Amino acid sequence: MNWCEYPGWLVGSEVFQNYGCRMFSGLWMTLELVAISVTLGFVLAIGLAVARLYGPKWAQAAINGYTTFFRGTPLLCQLFLVYYGLGQFRVFWTDLGLWWFFREPFYCALLTFVINTAAYQAEILRGAIQSVPRGQFEGALALGLHRWATLRHVVMPQAMILALRPLGNELIVMIKSSAVASLVTLYDLMGATKLAFSRSFDLSIYLYAALIYLLLVEVVRRVWDRLELRLTRHMALR
Amino acid sequence: MLDKFALLGFGDGGWGLALLGGAAITISIALATLPFGLALGLLVALGKRSSNVVLRGLATGYTTVFRGVPELLTLYIIYFGLPLLVQESFRLLGASGTVALPPFVAGMVALGVVLSAFSSEVWVGALNAIPKGQREAAAALGLHKGQAFRLVVLPQLIRVALPGLGNNWMVLLKETSLVSVITLPDIMFITTRANVATKEPFLFFGAAMVIYFAFSLVSAWVVGRMEARANRGFAAFGGATR
Numbered sequence: 000m001n002w003c004e005y006p007g008w009l010v011g012s013e014v015f016q017n018y019g020c021r022m023f024s025g026l027w028m029t030l031e032l033v034a035i036s037v038t039l040g041f042v043l044a045i046g047l048a049v050a051r052l053y054g055p056k057w058a059q060a061a062i063n064g065y066t067t068f069f070r071g072t073p074l075l076c077q078l079f080l081v082y083y084g085l086g087q088f089r090v091f092w093t094d095l096g097l098w099w100f101f102r103e104p105f106y107c108a109l110l111t112f113v114i115n116t117a118a119y120q121a122e123i124l125r126g127a128i129q130s131v132p133r134g135q136f137e138g139a140l141a142l143g144l145h146r147w148a149t150l151r152h153v154v155m156p157q158a159m160i161l162a163l164r165p166l167g168n169e170l171i172v173m174i175k176s177s178a179v180a181s182l183v184t185l186y187d188l189m190g191a192t193k194l195a196f197s198r199s200f201d202l203s204i205y206l207y208a209a210l211i212y213l214l215l216v217e218v219v220r221r222v223w224d225r226l227e228l229r230l231t232r233h234m235a236l237r
Numbered sequence: 000m001l002d003k004f005a006l007l008g009f010g011d012g013g014w015g016l017a018l019l020g021g022a023a024i025t026i027s028i029a030l031a032t033l034p035f036g037l038a039l040g041l042l043v044a045l046g047k048r049s050s051n052v053v054l055r056g057l058a059t060g061y062t063t064v065f066r067g068v069p070e071l072l073t074l075y076i077i078y079f080g081l082p083l084l085v086q087e088s089f090r091l092l093g094a095s096g097t098v099a100l101p102p103f104v105a106g107m108v109a110l111g112v113v114l115s116a117f118s119s120e121v122w123v124g125a126l127n128a129i130p131k132g133q134r135e136a137a138a139a140l141g142l143h144k145g146q147a148f149r150l151v152v153l154p155q156l157i158r159v160a161l162p163g164l165g166n167n168w169m170v171l172l173k174e175t176s177l178v179s180v181i182t183l184p185d186i187m188f189i190t191t192r193a194n195v196a197t198k199e200p201f202l203f204f205g206a207a208m209v210i211y212f213a214f215s216l217v218s219a220w221v222v223g224r225m226e227a228r229a230n231r232g233f234a235a236f237g238g239a240t241r
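Here the protein sequences come in this chain order: A and B.
When we follow numbering that gives the first Met the number 0, the leftmost residue of the first sequence carries the number 0, and every step to the right adds one.
When we follow numbering that gives the first Met the number 0, the leftmost residue of the second sequence carries the number 0, and every step to the right adds one.
With the rest of the complex left out, here is chain A (with noise of 0.2 Å):
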């Protein structure tokens, strides 16, 4: 027996046994689509976040109907936008030499999943860093930091301390999220239960899964509750 058979076999649940390497896998799969989109989603939100509040103009602009738009609309439509839509293109995506990339819904939903918590956590490290009182600024400045430095060394340590319980509130939103990838034909932990429950019609399965997410989030909650009690111990607010 494989170990991912085991738990399927404690419980006693014939269905989970059977089908617990496939949800294992599935699970793996969720766990890449989320860890990989939202790293690079947060370098990307930076970058953002930055051009949105001390960049040009037509930047601030750009930047501020980016975050709008993928904020105001479902993901599950910008998943199939990027997937059945963009797919369209094939030949012009031959041509540029990227059919593989939107060929894959493997790739199609880490693009949508990237752009979309981008906005998201673009919005969330904007609001930090608006947060950090003014004085900070001025005494840096007044300290003949410049704008840059200003930015890194006194902002940015402050602004992320402000923005850790909304970016952990994210990365929960988007392991919940990461459900819909199931709906462009991928395996991943929802994508697997699916099966698992059109081939023994077992409704079970479905509440193994539910169980699996919950400690997957919990996990989660719990973890970056330390990692926030250890960031701000300097703060002895607690």
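Calculated directly from the structure, the hints in this document are not laboratory data.
What you are looking at is a predicted structure, and each value in this text was computed from that prediction instead of being measured.
Incorrect hints may have been included.
Partial selection, computed: residues in chain A whose CB lies under 8 Å from chain B [what the hints assert, rightly or not]:
#1 TYR83
#2 VAL179
#3 MET189
#4 TYR212
Beta carbons: idealized from backbone N, C-alpha and C, even for Gly.
Following the hints, put chain B in place on chain A, whose structure we already have.
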């Protein structure tokens, strides 16, 4: 190029009417879910602040579960599971037969349950923001607990909770797109069908994006107006200058 846009129109072979119908379904399921989800959320919030340990544990467990499980999964569990549950309970009573849940009801229950879990957090925050003296003064005036809540706390609660509830509404509006997977003919369902029929996915999913975005913009405007109205008379929130 132009004849492609005719596909979105109301003429022969145009999907305009179908899209409008889908938009109406999206709006109606969101509006139908809202009161149910908010009321349930308030109940859960009261449970979380209750002095009864069991009630508090139940309310906290409820929010933990429905905030942690993907909405799509909740939707499937309710759509497939609820009829089974009803069937089983009927069987225990001696009746037989199969029960099917209309997709609209299943979607409403699933989205409402998720909304109640999220809005209960907002309600708790707002309840905590109402000074204790308000309840005490109400008690001193001889109002009993129910009256104090309905006449004194609730009117003040709305103002404090409105920004958070507005957020909940925006999330709900976007989550309605998921009900297309249980065959409710909302915007996503119609555009998916149009895609199959016309092989123009970019046009149709682009149109769906525009419709959802328009709904979001209108919602943001309405919520803003409601907040401004709730804050009239509160100088600190820009109410007095109006």
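We went through each hint and held it up to the structure:
no. : hint   : verdict
1   : TYR83  : holds, 4 Å
2   : VAL179 : holds, 6 Å
3   : MET189 : holds, 6 Å
4   : TYR212 : holds, 5 Å
No hint from the list above goes unmet by this structure.
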